[in-house]
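J.: Protein chains in written order, with the working numbering: chain A, 1 to 424; chain B, 425 to 643.
No wet-lab data here; the hints were simulated from the structure. Don't be surprised by glycine CBs; every beta carbon is placed ideally from N, CA and C. There's no promise every hint is true.
Claimed, not checked - If you want a taste of the chain B side facing chain A, the calculated C-beta under 8 Å gives, among others: (1) 456; (2) 498; (3) 500; (4) 505; (5) 513; (6) 516; (7) 532; (8) 539; (9) 550; (10) 578; (11) 579.
As the list claims (entries may be wrong) - Just some of the chain B residues that point at chain A, by a computed CB distance under 10 Å: (12) 460; (13) 476; (14) 477; (15) 479; (16) 481; (17) 512; (18) 533; (19) 560; (20) 568; (21) 633; (22) 641.
Stated by the list, open to error - The calculated lysine to aspartate or glutamate pairs, modelled on EDC-like cross-linking and capped at a C-alpha distance of 16 Å, are: (23) A:7 <-> B:643; (24) B:450 <-> A:26; (25) A:6 <-> B:643; (26) B:567 <-> A:69; (27) B:567 <-> A:54; (28) A:12 <-> B:642; (29) A:120 <-> B:434; (30) A:118 <-> B:643; (31) A:120 <-> B:643; (32) A:120 <-> A:109.
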Amino acid sequence: MNEEQKKGILEKYKQAKQKGVKFYPDIIYKDILISFALFIVLVIMAIFIGVVNEPKANPSDTAYVPRPEWYFLFLFEMLKYFPGEIEWIGTAIIPGLAVLALFLLPFFDRNPNRHWSKRKFAITFMTVIVLGMVGLTILAAATTPEQEEEGVIANTMSEQIVVGEELYSIHCVECHGPEGEGGEIKGVEGLEGVILDPINTEDVMYPFTDETLYNIIDMGQPNLGMPPFSTQFGGELSPAEIEYLVTFMRYTWDDRAELPEEPVAAAAIPTLAPNEVPSYEVHVAPIIKRYCISCHRPGKKNNNYTMGSYEEVMTSGDNAPNVIPGDMTSILLRTLHREEMENIGPMPPSKALKPELIAIFERWVAGGALNTAAEAAAATAAGAGGTTVPITATLTITGTIVPGSTITPTIPLATSEATQQPTP
Amino acid sequence: MTSKFVTWLDERLGLQGIYDTVFDRKVPKVNWWFTLGSASLFLFVMQVVTGIFLSVYYVPSPDHAYDSIQYIMNGVTFGWLIRGIHHWGATLMVIFVFIHMLRTFYYAAYKFPRELTWVTGVVLLLATLGMGFTGYLLPWNQKAYWATTVGTEIPGTIPVIGPFITSILRGGSELSAVTLARFYSVHIWFLPLVILLVIGIHMYLIIRLGISNIPGKDD
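Next up, chain A with everything else stripped away, as it sits in the complex (with noise of 0.2 Å):
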């Protein structure tokens, strides 16, 4: 460009600007319009969309697919185009040159035009370019993979503790009881008829940091017998996982530590009405999750009787079916009341339920073994679930293989010699 040129430019801007506008405040209005319009857009989009609640960093989490952010989405799909050997000029190479003409552009763009149309060559190539990352882009966004559904993320230290209450029921209680109270270990494979010392006293809790904890739960106690639990090392847990178990621990266990009120509530079973037909949904499944499950899922030792679902628990098992709606002999009622049968043992095997815990089963099975609430309230409606007894009475009665004074006459009772009619 000569020194004519640019003198002819500079001329020209000058005529540009007489013929135009104050900066302030014609230009500046439009400039606050605008910040202020994305003002708003910012506010509604962190209100309405706000941020997605992704799970805790897990370093071993192999089955993760990795994907970069949204603006560097086009760069990770157009490495796809350079496999192996040759991949270095995708991610080098290209980029490399892109910055470098980015930044040279207006040194190698000798052309003094500014029209459009006196410049069709580079405002085709920079659209194309353009449209080619917008392309990779969603082409990369289409084509990625669905992401396994993850644990659930808890946000307060209540979810925290419930997630963590949870994690216990399935992976703990087989070993250290429903309550952390240890004592003989029966039915677990490899560690049968090891006795273990409670983890819920001071004893364990005073000394023992949050960072133990998570450490023994992590890498286990190999000496002991636990097994390491933490995905890391082969077990089931990430590692948000076990601080949620840990933080369940601290707060249920430790006196020092007080129990927040929503985790309470939550892990309450709930109570049964004098009149109320139980539901598995509402009154079994809480049971169940709590004592049972531990071993009664996928991959225990346990006679294939899983107890994931209503469905499971109604049909599962080599001794399927373990629950007869209105049959008081059902294999899963003599196992609660520690009967010794074939094959099949006292449940739990270490401690027996509670009486009261037993009679919402027997009533739940008196009641016809529904599955949801509502099934449940029509039949307390039609009077299904009448019993006179209120339930603290059941509960004296309830330490032999005596039935729950649930049954109704329009059950028909199988008979067997350890039920009978409740005395009016």
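Use these hints to put chain B onto chain A, whose structure you have.
T.: Below, chain B alone, put in the same frame as chain A:
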């Protein structure tokens, strides 16, 4: 009284001079596309303000980063709003800076005498992408962790020096506490200072040379 005070200040600060050069100047008539620069600046200011608030509670260590953000989202009053604005502000800033660059290109505003304004603008575009890249790791969630894992693997494919670059980015062979500390300090100190400095030069050049006019048929 007020005018006396203003006069007193003006004698010492030269306010009138600043006003004349910055605000009371003639500029060519332009369209709404010319607000993209100021919009980018506004987004940067929003990121700085919300970022400073976030840094009050954020802890840059793998043990606490995730929990500190959970606390910001659930415990701190309006913490969710501040983080929401920072999160979406980052995305909008990348979009606006990029479109700002495209507008400059299509209007050929990078040509004489504004070459240096363009060069500083490219620095700002790259620094904005750098902010996005380093900031993305800080929440220390699955997405962040794995995005940074692939992001830092990419330069590793360059022959000879690649693995060296990756180990510098990560501060070791794997993503670790060192990586988080590096990204954090680059995100809140290095890059913002670079951006501030270069924005200063960029704006000085814009005020000195004036905003370009929309090219006419004879340009």
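J.: Please go over all the hints and tell whether each is borne out by the structure.
T.: How the hints compare with the structure:
no., hint, result
1, 456, "holds (6 Å)"
2, 498, "holds (5 Å)"
3, 500, "violated (13 Å)"
4, 505, "holds (5 Å)"
5, 513, "holds (6 Å)"
6, 516, "holds (7 Å)"
7, 532, "holds (4 Å)"
8, 539, "holds (4 Å)"
9, 550, "holds (7 Å)"
10, 578, "holds (5 Å)"
11, 579, "holds (7 Å)"
12, 460, "holds (8 Å)"
13, 476, "violated (16 Å)"
14, 477, "violated (13 Å)"
15, 479, "violated (17 Å)"
16, 481, "violated (15 Å)"
17, 512, "holds (4 Å)"
18, 533, "holds (8 Å)"
19, 560, "holds (5 Å)"
20, 568, "holds (7 Å)"
21, 633, "holds (9 Å)"
22, 641, "holds (6 Å)"
23, A:7 <-> B:643, "holds (13 Å)"
24, B:450 <-> A:26, "holds (10 Å)"
25, A:6 <-> B:643, "holds (12 Å)"
26, B:567 <-> A:69, "holds (9 Å)"
27, B:567 <-> A:54, "holds (7 Å)"
28, A:12 <-> B:642, "holds (10 Å)"
29, A:120 <-> B:434, "violated (50 Å)"
30, A:118 <-> B:643, "holds (9 Å)"
31, A:120 <-> B:643, "holds (14 Å)"
32, A:120 <-> A:109, "holds (13 Å)"
Going through the hint list in order, the structure does not satisfy hints 3, 13, 14, 15, 16 and 29.
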